[in-house]
Amino acid sequence: MLDILSDNWLLLLVGQYPNGAMGGLVATVGLALISLALAFPFGILLALGRISTIRIFYWPSTAIVYIVRGLPLLMFIFWAYFFVPIIINRPVGGATTMIAALVIYESAYLAEIIRSGIQALPAGQLEAGRSLGLSYTQTMRRVILPQALYNTLPSMLSQFISTVKETSLGFVISVHELTFAAAQVNNILLTKPFEVFGLLALTYFTLNLILGGLVKLVENRIQIKRTMIVQVT
Amino acid sequence: MNYTLDFGALLSNGYPALILGGLMTTLKMTALAWLLAFGLGSVLAILRMLNRRPLNYVIALYVAFHRNVPMLVHILLWYFGVAALLPVALNDAVNQWGGEFLFSMIAIGLVTAAYVAEDLRSAIRAIPDGQMEASRSLGLSYLRSMRKVILPQAFTIAIPPLTNQTLLLFKNTSLAMAIGLIELTGAGREIESATFKTFEVYTVVTALYLAVSLLLMLGGACISKHRLAAAKR
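One line per chain: the protein sequences are R and D, in this order.
First residue of the first sequence: 0, per numbering that gives the first Met the number 0; consecutive thereafter.
First residue of the second sequence: 0, per numbering that gives the first Met the number 0; consecutive thereafter.
Among the hints, a few may not be true.
[What the hints assert, rightly or not] Partner residues are not named here, just some residues of chain R that face chain D (Cβ under 8 Å, in silico):
#1 57
#2 69
#3 70
#4 83
#5 84
#6 132
#7 135
#8 137
#9 168
#10 189
#11 197
#12 200
#13 204
#14 208
If you are wondering where the hints come from, they were derived from the structure by calculation, not from laboratory data.
Here a beta-carbon is modelled for each residue, glycine too, at the ideal position from N, C-alpha and C.
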């Protein structure tokens, strides 16, 4: 196993780069980062729609969330593969397709996380903001969302781990990421599939274990901060 | 956009049978992987409750490994890796029967089992200790109290997260198309590449996925309501 790693570590780390597109582990993390960052504003909008009492905001956002929850990510990838070139009127690469699919998919999941964060806040927060003369939008922006987003930070980081795992589906449409790189290595070696894919699994395992540790750290931080606030008041 | 919709093209060449066959494969895989996931998941959760040192670490490692590595990588590891380790005769027999189905079913079932075990564990921990103490004092053995008192209550609490796992499992069966299984997504891809009626095929496949998903969500909600009402009586 170690000799596979020492022979192919560069391919697994960055793919064909600099002779081609960035690939491997770096592309996996990059795809997840870009997708989740782009999905974040959409997630907030969907969450606000989900808690809205105005029907034209509530129904479409609820429909989107349920549709996304009911479909495999793979279907979004194939839809994006078909639709994105039509919409922007030129052929696009696999990475763009993957990001488009992930942004839609993650928006819905982020929306549910943010919504639960908003609903976990005491109703008095919104009422107090409104009584102080802030408009609904101002209350949301200055009072509710800062608290809700801060409290849901651990869940959103866990969603980042899920996104890292989901980028592996890019393999199906030949996006140059970690799983694709491992499949390439497997095609070169041919005789050691268990070692190659075992190594791939261990790589994801280590990466996500580190990210999971980070989530725990942030969780503890927030917990400590919260109990301090309670003690002061 | 010069694109004329032509759903009629999907009605020839045995395409309806291909789609339906794909749907059946998807449903069959969902059912079998579900049994594996929930059976193994329950066993793991119960064993974890025994709180024996070495066993705990083994189960924790199992759960961490399956939750931190993408499901697609597990499928590739089983289909290419584990298959290569099997004796030739056994491997031939498996391939004759359909290795794509068997290995992706095992991989999907084992991964979901880790999630189910965690959901059940947190549900069991939510049951007050007095329940176990009471049934032990009434003369039930540990296993009997688990089976007759603790687990039925734990399952009731865990229905919402378990519904979610069932839904995810159903959606994740689409990953098997990456190793060439003709399930619902695979059937859609097959027809798409033969007819180029991308929009029409994906619409049909999407509608089928959504229909089953919504049924699963509805079913979970119904069972949860029913069980909670029964528990209150």
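Hints, one by one, checked against the model:
| no. | hint | in the structure |
| --- | --- | --- |
| 1 | 57 | violated (18 Å) |
| 2 | 69 | holds (3 Å) |
| 3 | 70 | holds (5 Å) |
| 4 | 83 | violated (13 Å) |
| 5 | 84 | violated (11 Å) |
| 6 | 132 | violated (40 Å) |
| 7 | 135 | violated (30 Å) |
| 8 | 137 | violated (35 Å) |
| 9 | 168 | holds (6 Å) |
| 10 | 189 | violated (10 Å) |
| 11 | 197 | holds (6 Å) |
| 12 | 200 | holds (5 Å) |
| 13 | 204 | holds (5 Å) |
| 14 | 208 | holds (6 Å) |
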